[in-house]
Amino acid sequence: MSDVKTVLPNLRCSLGEGPHWDAKDGVLYWVDIVGKTAYALRPNDGGSRSWTFDQPVAAIVPRENDGLLVALADGLAFLDAESGETTPFVAPDSDHAGNRSNESRVDPMGRFWHGTMQNNIGPNGEDLPVTVSTGTLNQITADGDVTRFESYIGISNTLLWSDDGTKMFFGDTIKNTLNVYDFDMKTGVPSNPRAFFGPQDRGNMDGSAMDADGYIWNARWGGGCLIRFNPAGEVDRIVELPVTQPTSCVFGGPDLKTLYITSAAVGLEGNGNPLEGALLSIRTDVAGQACTRFAG
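Numbering follows the working numbering, in which position 76 of the sequence shown is assigned residue number 76; successive positions increment by one, without gaps.
Keep in mind that the hints were calculated from the coordinates and are not lab data. The reader is advised that the hints may include incorrect statements.
[Stated by the list, open to error] In silico lysine-lysine, DSSO-like type, Cα no more than 27 Å apart, as pairs:
1. Lys-36 to Lys-24
2. Lys-167 to Lys-24
3. Lys-24 to Lys-5
4. Lys-24 to Lys-175
5. Lys-186 to Lys-167
6. Lys-5 to Lys-36
7. Lys-186 to Lys-24
8. Lys-5 to Lys-257
9. Lys-257 to Lys-167
Start from the sequences and build out the full structure, keeping to the hints where you can.
Structure, rendered in structure tokens:
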């Protein structure tokens, strides 16, 4: 395990989230939810770009059919990378007007999974309390068909699938627990949720990445670290980080051995740590799972 590096020395996100590594183009995507901005970086040559929206954006992923898919606060939209224009696609959680997009990820079959939560971002970007568990978990196919699998979620976080396709992982930060589901990769149906790991001494469960050995690297909001859990849900190691609120991580680079970590500065103004909200990276001794493009 190598030292933690700051990927972009001058970038700080209010609420960095949703990292996605596109192996085909060698591009890292991520967002600043509160900053209403999505980012793309090509680490091999430093090429970068960003897109700003008129509302919070929780995820950005490349599409098989060219262009990008973004999870805006009120629904999903297609993004033209060149013009920056968005075209509404579907609004999976339109029956909960007080919710916003949060955790999103594409499963190995190219289906987009979209988790929501009570909106906790005020009109000026201020942090609002989460008082009700109105979040949902929805699956969106390439054709835009939406299926809801979970309701009454506080803060949706972590979406992962085991390499053999038989397990899905998804959790609720309010409960500080990650659940594991039986999963049918062909039909895309999760079932039989049960706790994979529960509350830990270090922070709250946030986003995660899975490595090639089936271990889960979980960002610990408020805990200043990642916890790596083995396939039985036991703590394998703790990776200390120079930020208080790591939010998520993804494996990238040509060998999938660079772990990129997003973080958040929101609520930490004036705490004296200049790295809060930075995008970090660590070289690991194990390769990670590859990300999948949205099939639509």
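Status of the hints after comparison with the structure:
no.	hint	in the structure
1	Lys-36 to Lys-24	26 Å, holds
2	Lys-167 to Lys-24	25 Å, holds
3	Lys-24 to Lys-5	24 Å, holds
4	Lys-24 to Lys-175	36 Å, violated
5	Lys-186 to Lys-167	12 Å, holds
6	Lys-5 to Lys-36	25 Å, holds
7	Lys-186 to Lys-24	24 Å, holds
8	Lys-5 to Lys-257	14 Å, holds
9	Lys-257 to Lys-167	23 Å, holds
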